[in-house]
Amino acid sequence: MASCVAVSDGIINVFNDVKVRKSSTLEEVRCKKAVLFCLSEDKNIILEERKEILVGNVGQTVNNPYTTFVKMLPDEDCRYARYNVTYESKESKKEDLVFIFWAPECAPDKSKMIYASSKDAIKKKLMGIKRELQANCYD
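For the sequence shown, numbering that gives the first Met the number 0 gives the first residue as 0, with consecutive numbering after it.
No wet-lab data here; the hints were simulated from the structure.
Don't be surprised by glycine CBs; every beta carbon is placed ideally from N, CA and C.
Be aware that a few hints might be false.
[Stated by the list, open to error] So the derived label-pair ranges between C-beta atoms look like this:
1. C105 with I45: 19 to 29 Å
2. D41 with A115: 15 to 25 Å
3. S91 with A5: 36 to 46 Å
Using the sequences and the hints, build the whole thing.
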């Protein structure tokens with residue numbers, strides 16, 4: 000099902016900032032480890048205000064970024080999110096960009112349909128996604 004939802008340039012810029020950042024710089028500290036995207040009233044996918052975790056806050060004001068991220072998700076509405084997962088392999092420290100579609104069971108059916116039908120539009124704009132996850136509950 001196609002949708003009439005547009006993707007804002009701000010989302011693309013935030014996504015690309017993660018891919019081109021340099022380590023140990025001011026840009027890295029300001030880089031977003033996690034960010035939520037929502038639908039605006041005029042049906043644009045936009046950055047949700049004050050729903051982000053900065054890399055520079057991890058270990059400072061944010062002890063567990065994943066737990067903090069999960070708490071940012073709304074109980075009764077859908078969202079898209081980008082989460083920068085950091086892990087260690089045998090060779091080195093690695094990072095993967097994960098695209099998340101959050102659709103809690105108690106979200107309105109109309110919201111679930113709009114978000115589900117718009118998911119491909121946002122994914123096409125965000126090149127470099129390593130993993131995709133759809134979640135319907137906090138467990």
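The hints, checked one at a time:
1. Separated by about 23 Å at the C-beta atoms, C105 and I45 satisfy the suggested range of 19 to 29 Å.
2. The supplied range of 15 to 25 Å is met by D41 and A115, whose beta-carbon atoms lie about 19 Å from each other.
3. One distance hint, 36 to 46 Å for the beta-carbon pair S91 and A5, holds here, with the actual separation near 38 Å.
Violated hints for the displayed structure: none, as all numbered hints are satisfied.
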